[in-house]
Every structure is written in C-alpha cells, then in structure tokens.
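Colleague: Chain by chain, the residues run as shown.
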Amino acid sequence: MTSAPAPIKAKLRIGDLVFSRSAVFAGSMILVTLAAVAIFLIVQSIPAVVASSEDASILKTNFWDYVGPLVFGTVWAAALALLVALPISIGIALFISHYAPRRLASVLGYVVDLLAAVPSVVFGLWGIGVFAPALVDAYAWLNENLGWIPLFSGTPSATGRTILTAALVLAVMVLPIMTAICREVFLQTPVLHEEAALALGATRWEMIRTAVLPFGRSGIISASVLGLGRALGETMAVAMVLSASPVITFQLLTSVNPNTIAANIALSFPEAYGLNVNVLIATGLILFVVTFAVNAFARWIVSRRKEFSGAN
Amino acid sequence: MSKRIEVRDLNVYYSKFLAVEGVNLAIEPRSVTAFIGPSGCGKSTFLRTLNRMHEVIPGARVEGEVLIDGNNLYDPDVDPVLVRRQVGMVFQRPNPFPTMSIKENVLAGVKLNNKRISKPDAEELVERSLRGANLWNEVKDRLDRPGSGLSGGQQQRLCIARAIAVSPEVILMDEPCSALDPISTLAIEDLIEDLKQKYTIVIVTHNMQQASRVSDKTAFFNIAGTGKPGNLIEYNDTTTIFSNPSVQATEDYVSGRFG
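Just so you know, the sequences run in chain order A and B.
If you're matching positions, the first sequence starts at 1 in the working numbering and goes up one per residue.
If you're matching positions, the second sequence starts at 1 in the working numbering and goes up one per residue.
No lab work stands behind these hints: they were computed from the structure.
Ideal Cβ positions, reconstructed from N, Cα and C, are used throughout, including at glycine.
Some hints could be false.
Stated by the list, open to error - Keeping only pairs whose Cα atoms sit at most 25 Å apart, straight-line, the calculated SDA-like set for lysine to any residue is:
(1) B:Lys103 <-> A:Leu213
(2) B:Lys115 <-> A:Glu206
(3) B:Lys16 <-> A:Ala105
(4) A:Lys60 <-> A:Arg209
(5) B:Lys111 <-> A:Lys60
(6) A:Lys60 <-> A:Glu206
(7) B:Lys119 <-> A:Ala105
(8) B:Lys16 <-> A:Tyr99
(9) B:Lys16 <-> A:Leu104
(10) B:Lys111 <-> A:Gly284
(11) B:Lys115 <-> B:Gly70
(12) B:Lys16 <-> B:Lys228
What the hints assert, rightly or not - Label-pair restraints from in silico Cβ distances:
(13) B:Asp121 <-> A:Pro87: 29 to 39 Å
(14) A:Pro87 <-> B:Lys16: 34 to 44 Å
(15) A:Tyr99 <-> B:Arg128: 32 to 42 Å
(16) B:Gly149 <-> A:Leu34: 39 to 49 Å
(17) B:Asp77 <-> A:Pro87: 29 to 39 Å
(18) B:Arg145 <-> A:Trp141: 24 to 34 Å
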C-alpha cells in the first residue's frame with residue numbers, strides 16, 4: 001500500500017502559537033460574555049413574563065402592559081434625539097472635512113471627540129440644573145403658538161423636565177460618535193470624484209451634494225443607527241432629567257412623560273424586592289433585544305457598502 | 001464655442017515651492033495642443049492653472065495672467081466656478097460618479113447651479129453629448145445603468161460626454177489615455193480629432209506617439225533637477241518639435257535619448 005506523501009507541515013513557532021491561542025481566547029470571551037448575559041436575562045425573566053399583579057406589586061395587570069409604555073418611551077426619546085442630532089452631526093462633519101481650515105478642523109475634531117468623554121451623569125446634572133429650567137419659557141412659547149400641533153399640545157411642564165428635554169440631552173450625547181463616523185466617511189470621498197464635480201463648475205456645496213453625500217450615504221446611515229443604539233441604552237442622564245409616568249403619549253411638553261427602560265430600571269431597582277426584581281430584569285431583556293436589533297440593522301447596512309464600490 | 005488662450009509670465013507655487021516658472025504661451029482656437037515632458041516637470045500643474053483647478057490643492061497659487069479671449073482668469077472678481085464651466089476637464093483616471101446612472105452622469109454638470117431642464121431637452125442633450133463622445137451606440141440601451149459598470153475606455157468617453165454636455169469653450173485633458181488599453185486609446189484619439197472641430201483642446205500626455213498623432217502644436221516642458229521649477233523649453237508646431245526641434249533637450253527627449 002502506497003501512502004500519499006506526507007503533507008509538508010509548517011514549522012511550529014512558539015510565538016505564533018502563543019499569539020494565535022491568546023487571540024482565540026480573547027475572541028471567544030466576547031461570545032462567552034454575551035451568552036452569559038443573555039442566559040441570565042432569559043432565566044431571570046421567565047417568572048416575570050408570566051407573573052400577574054398578584055405576584056409582583058410593581059405590575060398593574062401583566063408584564064406586557066407594564067413594558068409597553070417603557071418600550072415606547074425608549075424608542076420615542078431615542079428617535080427624537082436622532083432627529084435632532086443627525087443634521088447637526090452631518091453639518092459639523094462636513095464643516096470639519098470640507099470647509100474648515102486644516103488647523104481649525106483638527107482642533108474641532110478633537111473637541112468633538114472630547115465631548116464623548118463627558119460622563120453621562122454630568123450631562124444629567126447639566127440637564128436638570130441648567131438645561132431644563134432654561135427651556136421652560138421656550139416650551140411655554142411653543143405651546144402657546146404651536147399648540148395646535150398635537151406634539152406641542154397639553155399643559156406645558158413647569159419644570160422643563162419633559163421627554164423633549166431628555167431627547168435633547170441624548171442628542172448632545174450621541175453627537176460625538178455620529179460626527180466622528182460621518183467625518184471619517186466624508187474624508188474618504190475619492191478626490192477624483194470631488195474634482196470631477198468641481199471641474200464641471202460645481203460650487204463647494206454642489207460638489208458636496210454630487211460627490212460627498214452620495215458617497216457617504218451608507219456611512220451616514222450606520223452613524224445614525226449607532227447613535228440610536230447609544231440613545232436607546234442611555235440610563236443616567238434620562239433618569240435624572242425626565243419626570244416620568246407609565247403612559248404612552250406623543251405630547252412633548254407636558255409633565256406627563258413616558259419613561260425609558262434603562263432609566264426605569266435605575267430608578268425602580270433600589271426599592272424592588274421579590275418578583276419585582278425579575279420584572280425589571282425582563283424589561284432589561286426587552287431593551288437588549290431592541291438594541292440588538294438596531295445593531296444588527298447597522299451591521300447589515302455597513303455590509304451593503306462593500307458592493308457599493310465608490311472607488312473604481 | 002472655442003476660444004484663444006494666452007498665458008503671460010505664469011509662475012505656479014505650492015506654498016513657497018516654485019513648481020512652474022515663467023510660462024508664456026498662446027493656444028489657438030480649434031486646435032489640439034499637447035504638453036509633453038518628463039514626470040514632475042509641471043505639465044499637469046500648469047494644465048490645471050488653465051481652469052483654476054490647481055486651487056483645489058491647498059497652498060497652490062499663481063502669479064501672472066491667463067487670458068481667454070482677452071479676459072484674465074485671475075482677475076480678482078472672476079469666479080472660479082464660472083471659469084470651470086467654460087473650461088472643462090478630463091482626468092487621468094476615468095471618474096464617473098459611481099452613484100449615478102449613465103444618463104445622470106451626462107447631465108450632472110447641467111443640473112448644477114439649480115438649473116432645471118425639461119425632460120425632452122435632457123434626452124436630446126444626453127444623446128447629443130454621448131454621440132459627441134462616440135459612446136451613444138454602445139450605451140443607448142442602458143442609459144439608466146450605473147456609469148461605473150462600463151469599461152475603462154467607455155467610462156473615459158462618458159467623462160468626455162459629461163464635460164461637453166455643459167458646452168465649454170476649452171477642454172483640458174490630463175493624460176486621458178494613461179489608464180486605458182490601446183484600442184480604447186485609439187477611440188479617444190479619434191474622438192479628439194472630432195472634438196477639435198468645435199473646441200480648443202489641450203492635452204497632457206506621456207506618450208509621444210500620441211502627441212504626434214493628435215496634436216497640431218506641442219509644448220515641451222522640462223525640469224533642471226529635483227527641487228527646481230519646471231520650465232517651458234520649446235513650443236512649436238508638432239511636426240517641427242518631432243522632426244527639427246531647435247533646442248537640444250527637446251531633441252533628446254523626443255528621440256528617447258533623455259537622461
């Protein structure tokens with residue numbers, strides 16, 4: 001029996017081995033951590049999902065009625081924040097990438113990144129101490145003059161601690177990451193395409209519209225989805241700024257506002273006992289699912305970029 | 001539709017570095033002028049000063065005058081945007097807008113400046129421009145397909161169609177064939193011959209056969225050494241430059257005895 005020639009084995013080097021094993025270990029830790037969190041959330045949530053108001057005092061009827069307004073509040077606040085932050089971050093990113101003189105641009109980029117380093121509790125303090133009181137008059141004016149729009153109807157809050165204030169604070173918090181991503185994408189616009197537009201007699205803004213924005217479109221989308229993910233999970237600032245009740249309402253200016261999942265957990269957890277703890281953990285599971293869905297969506301958008309070959 | 005270009009005592013700087021020095025040149029309307037010379041001698045830089053595209057590069061500036069039919073491009077109240085509408089440009093690598101269809105690419109320049117164009121006019125202009133660029137027959141059935149799906153040579157002709165759609169007076173071509181195969185190169189060269197009837201064409205090329213094939217006049221640029229500015233050495237009829245140049249450096253370059 002003739003045996004096939006033995007395959008040539010690469011020489012085993014100790015450095016390669018150490019590196020590859022530690023890389024595999026680091027990579028698998030992510031999966032282990034994620035799985036551990038998911039298992040914890042699911043196991044702890046099961047009793048809560050089937051519980052009634054007799055089992056857990058925090059529930060009025062059942063779990064789904066409890067979590068509904070919270071999911072609404074979470075998504076609503078995050079969406080409002082995104083709506084405010086997106087145009088501003090595109091504007092800042094364009095200014096840094098295409099308008100500002102180089103030295104100013106690098107300073108500005110640094111400042112925007114620094115904004116990301118401010119702890120959220122500081123934003124919360126600022127929101128509650130400075131921003132909310134400052135907005136009271138603006139809210140009253142909006143209510144008086146634009147009250148016929150359902151969003152601005154109702155009795156305006158006397159403290160300014162409304163869902164709109166929370167959304168604006170969130171907008172400031174998601175601005176740095178969104179600006180950073182948009183800026184990077186805009187900077188990668190092929191010079192060839194910018195010059196093509198300019199050589200046709202485009203003004204700078206027209207060049208941005210014909211070359212930069214179409215090229216950066218999917219980058220803008222993934223920036224906003226990442227910003228949305230951050231806004232969905234933000235806890236401290238919302239917990240501090242928002243005065244909340246368990247309702248679903250689109251009114252922005254009243255003192256009756258829906259809470260967000262994360263803020264609700266932070267506020268209710270210290271007093272929770274028994275099955276109430278499970279209920280809060282179950283809301284956490286819902287937040288996990290929502291955030292996961294948003295991130296998966298972002299991944300999908302970013303992967304679509306591959307086929308969208310800008311440089312050819 | 002075609003204008004005379006006159007360049008007087010032109011110096012081009014990148015910040016403090018003098019890149020091109022003391023160019024004096026007159027380009028006649030409805031002619032093809034080729035710029036030849038070794039890499040880094042400033043031909044492309046100089047070409048870009050003819051429609052102020054060098055201003056896109058940070059730090060680039062110009063001293064001297066470029067007159068198009070007597071109007072100085074560098075007059076303080078001349079808008080570079082308007083200059084570029086009169087003086088179109090085709091680049092070294094084909095650069096159709098990747099997110100636009102073939103048709104949108106042709107119309108890109110026309111739709112700038114918030115101009116509206118009616119649908120039949122647009123169709124007519126697309127056909128006229130694509131015919132002008134010898135591309136119509138190849139793409140007429142797929143005008144709504146992305147421009148980046150065409151071959152390199154077709155993309156370059158699409159870029160030429162895009163440039164002539166805004167009806168410029170002058171077309172500048174910066175090594176338009178250097179990324180193309182010989183067949184596509186031939187197609188572009190034939191096209192230059194046609195375009196000459198209507199436009200003033202200035203072409204930078206590394207290919208001396210190409211210069212002798214397509215151009216009426218040739219300008220030879222050279223550089224004394226690294227860090228020195230580029231100069232216009234000789235400017236004359238193409239046949240003279242290639243058969244009987246008056247400067248030794250030109251003869252060395254065109255006969256391949258350079259360096």
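Colleague: Run every hint past the structure and note whether it holds.
Modeller: We went through each hint and held it up to the structure:
About 19 Å separates the Cα atoms of B:Lys103 and A:Leu213, which keeps this hinted pair within 25 Å; it holds. At roughly 12 Å between alpha-carbon atoms, B:Lys115 and A:Glu206 fall within 25 Å of each other, so this suggested pair holds. Simply put, B:Lys16 and A:Ala105 have alpha-carbon atoms about 23 Å apart, close enough for the 25 Å limit, and the pair holds. In summary, the hint linking A:Lys60 to A:Arg209 is not supported, as the alpha carbons are separated by about 53 Å, beyond the 25 Å threshold.
Annotation: proposed proximity of B:Lys111 to A:Lys60 is violated, straight-line Cα distance about 60 Å (limit 25 Å). Only pairs whose Cα atoms come within 25 Å are accepted, and A:Lys60 paired with A:Glu206 is rejected, the gap being roughly 57 Å. Of the supplied pair hints, the one linking B:Lys119 and A:Ala105 is violated, its CA atoms being roughly 42 Å apart against a limit of 25 Å. For the given pair, B:Lys16 sits about 23 Å from A:Tyr99 by alpha-carbon distance, which is consistent with the 25 Å threshold.
Of the pairs offered as hints, the one joining B:Lys16 and A:Leu104 holds, with about 22 Å between alpha carbons and a cut-off of 25 Å not exceeded. Between the alpha carbons of B:Lys111 and A:Gly284 the distance comes to roughly 51 Å, so the proposed pair goes past 25 Å and is violated. Only pairs whose Cα atoms come within 25 Å are accepted, and B:Lys115 paired with B:Gly70 is rejected, the gap being roughly 28 Å. Under the criterion of a C-alpha separation no larger than 25 Å, the hint pairing B:Lys16 with B:Lys228 is consistent with the structure, at around 12 Å.
Restraint check, B:Asp121 to A:Pro87: a C-beta distance of roughly 34 Å satisfies the suggested window 29 to 39 Å. Between A:Pro87 and B:Lys16 the C-beta distance comes to about 40 Å, which sits within the given range of 34 to 44 Å. For A:Tyr99 and B:Arg128, the Cβ-Cβ distance of about 36 Å falls inside the hinted range of 32 to 42 Å, so the restraint holds. Judged by the Cβ atoms, the range 39 to 49 Å given for B:Gly149 and A:Leu34 holds: they are separated by roughly 41 Å.
Roughly 34 Å separates the CB atoms of B:Asp77 and A:Pro87, a value that falls within the hinted 29 to 39 Å. Between B:Arg145 and A:Trp141 the beta carbons are some 52 Å apart, a value that contradicts the proposed interval 24 to 34 Å.
Hint compliance for this structure: hints 4, 5, 6, 7, 10, 11, 18 are broken, all remaining hints hold.
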